[in-house]
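Protein sequences, first through last, are from chains A and B.
Residue numbers for the first sequence follow the working numbering, beginning at 214 and rising by one.
Residue numbers for the second sequence follow the working numbering, beginning at 43 and rising by one.
Simulated from the structure, these hints should not be mistaken for lab results.
The structure presented is a predicted model; accordingly, all values stated were derived computationally and were not measured.
Among the clues, some could well be false.
A short list of chain A residues far from chain B (calculated; beta carbon distances all over 12 Å) [said to hold, decoys possible]: (1) R254; (2) G416; (3) L441; (4) P524; (5) M609; (6) D619; (7) M621; (8) K641.
Quick look at which bits of chain B chain A covers, simulated, 3 or more residues with Cβ under 8 Å [what the hints assert, rightly or not]: (9) 120-127; (10) 239-247.
Where is the CB? At the ideal position from N, CA and C, for every residue including glycine.
Listed below, chain by chain, are the residues.
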Amino acid sequence: MASEIEKGTKYIPEMAQTEIDDLNKSIKTASLKVIEDNIERMKKAWKNRPQAMEYFDEISNLFGKRQEEIKQQKTAGKKVVGYSCIFAPIEMILAADAIPVRVGSGWYDTAKLGDRIMPVEICPVIRSTVGAKMVSLSPFLELSDAIVMPLTCDGRTKLSEILADYKPIWHMNPPRVKDDPHTLGMWKQEIMVIKEKIEKLTGNKITRKNLKEAIEKMQQATKAFRRLQDLRKGNPVINGRDAMLVNQTSLWDDVERWTQKVNELCDELEKRVEQKEHSTYPDTPRVMLTGTPMIWPDSWKVPNLIEESNPQGLVVVDEQCSGDRILYDPVGVDEWTMSDMLDAISERYLMACTCPCFTSEHGNEDRINWIIDRIKEYKVDGVIYYVVRGCILYAMEYQRIKRVLDKMNIPVYYLDTEYTREDVGQMKTRVEAFLEMLEARMDI
Amino acid sequence: MVVSAGVDMGTQRVKVAIIKDKQVVGKAQEFVGFEPIKAAEKALEEALKDASISRDEIEHITATGAGVDMATFADSTVSMMGADAKAGTYFFSSARTVIDVGAEDARAVKCDEYGIMQDFIVNARCAAGAGTFIEAMARALEVELEDMGALSLHAERASPINASCVIFAESDVVSLIHREEPKTEIARAIFDAMAERVSSMVKRLGINPDVVLVGGVAKDVGFVTSLKRRLGIEILIPKEPIYAGAIGAALVAARKAKRSRRQ
Ligand code: SF4
Ligand code: SF4
C-alpha cells in the first residue's frame with residue numbers, strides 16, 4: 214500500500230499554478246482553432262453538407278455544450294466513468310446510471326508537456342494524454358470520477374500509474390490470446406470486478422432490468438451506426454471525415470441522443486442516394502484507414518490530407534478503435550437472464566475486438582479477416598496504414614497485414630507520423646503519390 | 043500529335059522538358075534562387091527555344107517536384123514518384139524499379155510496364171541519403187564536388203564512418219582528416235555510407251529488375267559504384283538523369299492532354 218505521503222507524487226512534477234493556467238489557456242485556444250478549422254474544411258469540401266451534420270459539429274466542441282451538460286448532471290449527483298480504451302463495458306456504466314466518456318488524447322500540443330516526464334520513444338497518444346492531465350485540459354478526464362484502464366500495450370499500462378496520481382484507476386487485464394478456453398473465463402472475472410466497482414462508485418445496483426435497458430440502448434446505437442455505414446458502401450453520399458466525426462462523437466455524447474441524430478442524418482442521406490446527390494465524384498479512389506487510433510481534433514490532419522489531396526481520395530471505411538471498431542458489434546443476448554447478459558457483454562468486448570494487442574498461433578487473425586471483409590464490402594481501392602511513432606503493436610503488425618493485402622492485389626501504404634502539424638507537407642507528397650497510384654490503377 | 047511540357051520544381055534547380063510525339067524535343071534548367079516562378083518561366087522559355095516550339099503549341103503543362111505548389115502556371119500536377127515511374131520506363135522499357143536520389147531526398151518506385159507506379163518509398167527525413175550529404179562532405183574534405191567520385195574510385199578500402207547523420211558524419215570526417223587518413227578512402231567511405239542508406243530503403247521496398255537510377259546524384263560515379271556494390275546488381279543510368287522528373291511530368295501531361303481531347 215502506498216503511504217499518504219506518496220499519494221499524488223508518483224510521476225507528475227510540481228508545476229506552478231500560473232504555468233498550468235497559462236498553458237491550459239493557450240492550448241485550449243489552439244485546440245478550439247483546430248476544431249473550427251477542421252469543421253470549416255469539412256464544410257468546404259462538401260458544399261451541400263446535410264443539415265444533420267450541424268449537431269455533430271456542435272458536439273465536436275470538446276469544451277462546449279456536452280461538457281456543460283455533464284457538469285450539470287454531476288451536480289445533480291450522477292457519476293462519470295472515463296475509459297481509455299475500447300475494452301471498457303459501456304453497457305454496465307450506463308446501467309448504473311453513470312456517464313461513460315473516452316479520455317485518450319488527440320492533442321498535439323500536450324504531447325510536448327508529456328515529454329517532460331516521459332521518454333520520446335513512448336507513443337504520442339500516451340504522452341499527449343499525460344500532458345493534457347498536467348494542465349487539466351481534457352474536460353472529460355477532469356470530470357471523470359474514476360477511469361477504466363485496460364492494460365493493453367506498455368504505454369497504457371504505465372499511463373494508468375501516472376493517472377493514478379489524480380484519480381481512482383480501475384485496471385482491466387485483457388488476455389493477449391482470445392481463443393484459449395480459459396481466457397474468456399479470466400476476462401469474465403475482470404468484467405465482474407468492474408461491475409462491482411461501478412456499483413460501489415454510483416451506489417446503484419446493476420440489475421437485470423437496467424442492464425437490459427442499457428444493452429438495448431447500445432444495440433440501437435450500433436444499428437444506427439450500421440445504417441450509416443451501409444450508406445458508405447455505394448456512391449459517395451457522405452465524406453469520410455464527416456462519418457468519422459459522427460463515429461467519434463459517440464465517445465463522449467449522450468448515446469440515446471446520438472443515436473437519434475445519426476438516424477436523422479441517415480434519413481437525409483438516404484434521400485440523397487435516390488436523388489444521386491454525391492458528396493464528391495463517384496470515381497474518387499476509395500480508401501480504407503487502419504492503424505493507430507486517430508483522435509479528434511488534431512489527428513484529423515490525416516483524413517484532411519486524404520480528402521483534400523490532388524488527386525482526391527475518399528475514406529469509405531476504417532479499422533480503428535477510434536472509428537468503425539467502436540460500434541460495429543452489438544452485445545448479442547440470447548436470453549435476457551442476468552448471467553446470459555453478462556456472458557454476452559464479456560464476449561462482445563473480448564472476441565469482437567481486433568486490436569493488435571491480441572495474437573494467436575496464426576497472428577491476429579480477427580483483424581485480418583475484418584480488414585479483408587471490409588475491403589470487399591466497401592470496394593476499397595487502397596489501404597492507408599497509419600502509425601504514430603512509438604506505437605509498436607501497429608507498427609509490427611504491418612508486415613503481416615501487408616502480405617495479405619499484397620496477395621489480394623490491394624495497395625497499402627505505411628504512413629508514419631508524429632503528433633505534430635509540421636510534417637503535413639511531407640505527408641502530403643506521400644499521400645498524393647499513393648492516391649495518384651490508385652487512380653492510375655483505376656484507369657486501366 | 044501532342045506537344046506537352048513537364049516542369050520539375052526542385053529545391054536547387056527547376057528543370058523543364060518538352061515532348062512531342064513521345065520524343066523529348068527540348069530541355070532546359072535554371073537555378074531556383076529566390077524566385078522559383080521566374081526561374082521556372084525562364085527554363086520553360088529556354089526549353090521552348092531548344093525545341094523550336096512556340097508556347098501556344100503546348101497543350102498541357104504538368105508540374106512536379108518539392109516546389110510543385112508554387113507552379114501556378116501548370117495545368118496539372120503529378121507526384122515525384124509518379125513522374126519517376128513514367129520517366130524510368132521511358133528511358134528503359136525494361137525498368138521496373140526506379141531509384142531517384144536528388145539534392146534533398148531519396149525515393150524509390152516500383153512500376154509496371156506502362157510506367158504506372160505500383161508501390162513507393164520515400165526518405166524525406168534524413169539528408170544522409172541525398173546529394174547535399176556529398177556536398178557537405180566534399181566541403182569538409184576540401185575537394186571539389188565533381189572530383190569526389192573519381193577520388194573514391196582510387197581507394198583500396200573505405201575508412202570507417204560510424205555516424206550516418208550528416209551533422210555527426212561531418213565531425214567523423216574531420217577527425218579522419220586529422221588522423222591523416224587518405225582522402226581517397228574517406229571519399230569512398232562517404233559514398234558507402236550514403237549508398238547504405240539508400241540501399242536499405244530500396245530493399246525495404248523490394249527490388250524488381252531492371253533497376254534505373256535517376257536524379258542529380260546518378261551522375262556521380264562514386265555513389266553509383268558504391269550503390270551497385272551494396273545492392274549487388276547492375277543499375278541502368280540514363281544519359282541525362284537529372285531530367286527524369288521533368289520528362290516524367292511531360293509524359294503525364296501528354297496523357298492528360300489526350301484524355302481531355304477525348305472529352
Ligand atoms: S488500439 Fe487497442 S490498445 Fe490502443 S486504444 Fe485501441 S483498443 Fe486500446
Ligand atoms: S496501442 Fe499504440 S497508440 Fe495506442 S496507446 Fe498503445 S502504443 Fe499508443
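Hints the structure violates: just list their numbers, smallest first. Numbers 4, 6, 8 and 10, in rising order.
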